[in-house]
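Peer 1: Sequence order for the protein chains is A and B.
Take the first sequence: its letter number 208 is residue 208 in the working numbering, and every next letter is one higher.
Take the second sequence: its letter number 259 is residue 1259 in the working numbering, and every next letter is one higher.
Errors might be hidden in some of the hints.
Derived DSS-like pairs (lysine-lysine); straight-line CA-CA distance at most 27 Å [unchecked claim]:
hint: 1; chain 1: B; residue 1: K1179; chain 2: A; residue 2: K280
hint: 2; chain 1: A; residue 1: K97; chain 2: A; residue 2: K191
hint: 3; chain 1: A; residue 1: K191; chain 2: A; residue 2: K92
hint: 4; chain 1: B; residue 1: K1111; chain 2: B; residue 2: K1057
hint: 5; chain 1: A; residue 1: K97; chain 2: B; residue 2: K1179
hint: 6; chain 1: B; residue 1: K1111; chain 2: B; residue 2: K1213
Hints are computed from structural coordinates only; laboratory data are not their basis.
What you are looking at is a predicted structure, and each value in this text was computed from that prediction instead of being measured.
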Amino acid sequence: MPFAAFLKSTFIIGLLESAPLMLAAVGFTLIFRLNGFINIGYAENATLGAYLAVTFNAILGWNFYISIIPAALLSGVLSVLTYLIVFRPAMKRGVGKTEMIILSVGVSFFIRYGISLIWGSRLYHFDIAKTHYLSFFGMGITSTQLICLGLALIIALGLYLFIYKTTYGETMRALADNEELAMIAGINPIKVSVLVWFLSGVAGGLAGIFTGVFTWVNTGLGWHMILVILLVAIIGRVGDVRGALIAGAGVGIITTAVTLVTQPAYGVVALLVIFIAILKFRKVRV
Amino acid sequence: MGQILSGYYIYMLSILLIFIALATILHMQFGLTGIANFGLSGIWGFGMYSCALIILKLNIPFVLAVILATVLTGIISLPIGRIILDLDNQAVLVGTLAFLAIIETLVISEKWLTNGVLGYGPVNYPFNFGTYTKFVYFLIILIFTIVLMFYARKLESSPPGRLLLSIQDNEPLSQSLGKPTFRQKLVFFTFTSALAGFFGAIAAPVYNFVFPKYMGPDITFTLWIALILGARKRIFGGLVGVLATVGLFNVVLETVVPIPSQYAGILYNAKYFLYGLTLILVLMFRPSGILGDKKRSKNIKNIGKFEKMEG
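Just chain A, with the same shape it has in the complex (with noise of 0.2 Å):
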């Protein structure tokens, strides 16, 4: 391939690929940015979205963009479960940072070998009917997944214009930089923290469902996303949403890069190198 065409078809299959990694870490970014822990049960947002949307689509039979509705708000309602059941209350007895880590890795756990009860261990496929198949700089792709590709994107940049353009946005940056200004100024806290849990568990889903529909749909789906999430998280400097869009599709356009060279596996590898230069390099006060 020559150099030129290398570069753009890298540039191009990056970023579309990187979308439902970019709307994951918007999501992952929120709540960093509002609670200033690393929540690893985020993971399980996605997983479950997927599963849900599988359902809908698979078993009972629903059209395929129909069934992302409401799977993606189920999980956004699940976001704001694991907020109000464990994480709020952890966060009022002062656990510390580090544990409240733990604590999101317990909750990831539970949801995710809960989900493993009840769907089972097996894989899941979504059923999506008249589908074209398109290649796509040498890459095949079906119009479904160019779609959802297309979607992921959008919504992630409608998620950072709400938060940077809108009132909502406003009151939810203002708590999340200082609480008690920000209840002086009349925030009811509890009520844009469930908003910011809930969007963030909905941008969480539909990455899953994204990212569900080029393969399969397993228990370790979030899980596989979650350490590249955090990767793009903590590149793009936490809490910073611009931070996160641009690092995602950086990372998105560099796993790309090495895979379409070598192997997949190596892309991962560089990535995380990447990744801990970084963090060495910035002494990141994560």
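With chain A fixed as given, assemble chain B onto it according to the hints.
Peer 2: What follows is chain B alone, placed relative to chain A:
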């Protein structure tokens, strides 16, 4: 009797001992020093794979291979520690998790070396006592585990151990007293990681064939859950936690209670489901674990003695 000594029970008990040793190492790293190592199973797995590779590829005898694997694990832990240990706790946690992912990905992808997910082996026992082979090997692991716990106990009351405790309590303070906190942490991290590599190396014959899943994040989290459940600041925290989690599920439920094979998958899922629930409940309602926090009175007495000596 001979059958029990050479069969599945002794295999499960050997694995249980190795988990107890790893949880104790985690106690030393996290409970004592505050290093949130989420890559422990990767470091352990590195020791296990290096031992298997050294024996089978280079035809080196077992004892020498274990020593080499331990040293190698120490050698790769040093730069890991050098890179992450001066970062804050959350960065240490994600950094070590990333290292685990790198090691695991490479073990799976480098099929020419490790045979990928199909597993690598066989690593045989270094001696043959007929039906007693596994039992004798179990006793050897037992001795090493006991030695490790003695070391952990000694460490807490020794000057380097007290320095480590002080680093966890207030690192800037120990620094301001002129203590080389980073170097101390690095040396300790490298040493305990090499220990984890050692227990990985001696685990290789027990498993016979080594698989990448043995070093996956599930193993790290099992150890974390065990330690938090037991008590992260107590020497026996790891022991109690491993018995209550791995011991209960893998030994008691799987070997004593006969479970029809069609439910085996459900049991596996139920196990991790309950691990997750347990972790949530312990952290919310009894964050210091079953055994609770250590009484520091003994330490205070020691400090008193120390001051008198100086005075």
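Peer 1: State for each hint whether it applies.
Peer 2: Hint check results:
Between K1179/B and K280/A, the direct Cα distance comes to roughly 23 Å. Compliance with the 27 Å bound is thereby established for this hinted pair. Note on K97/A and K191/A: the hinted pairing holds, with a Cα-Cα distance of about 23 Å set against a maximum of 27 Å. This hinted pair checks out: K191/A and K92/A have alpha carbons roughly 16 Å apart, not beyond 27 Å. For the proposed pair K1111/B and K1057/B, the alpha carbon gap of about 14 Å is at most 27 Å, so the pair holds.
Among the hinted pairs, K97/A with K1179/B is consistent with the structure: their alpha-carbon atoms are about 26 Å apart, no more than 27 Å. Annotation: proposed proximity of K1111/B to K1213/B holds, straight-line Cα distance about 15 Å (limit 27 Å).
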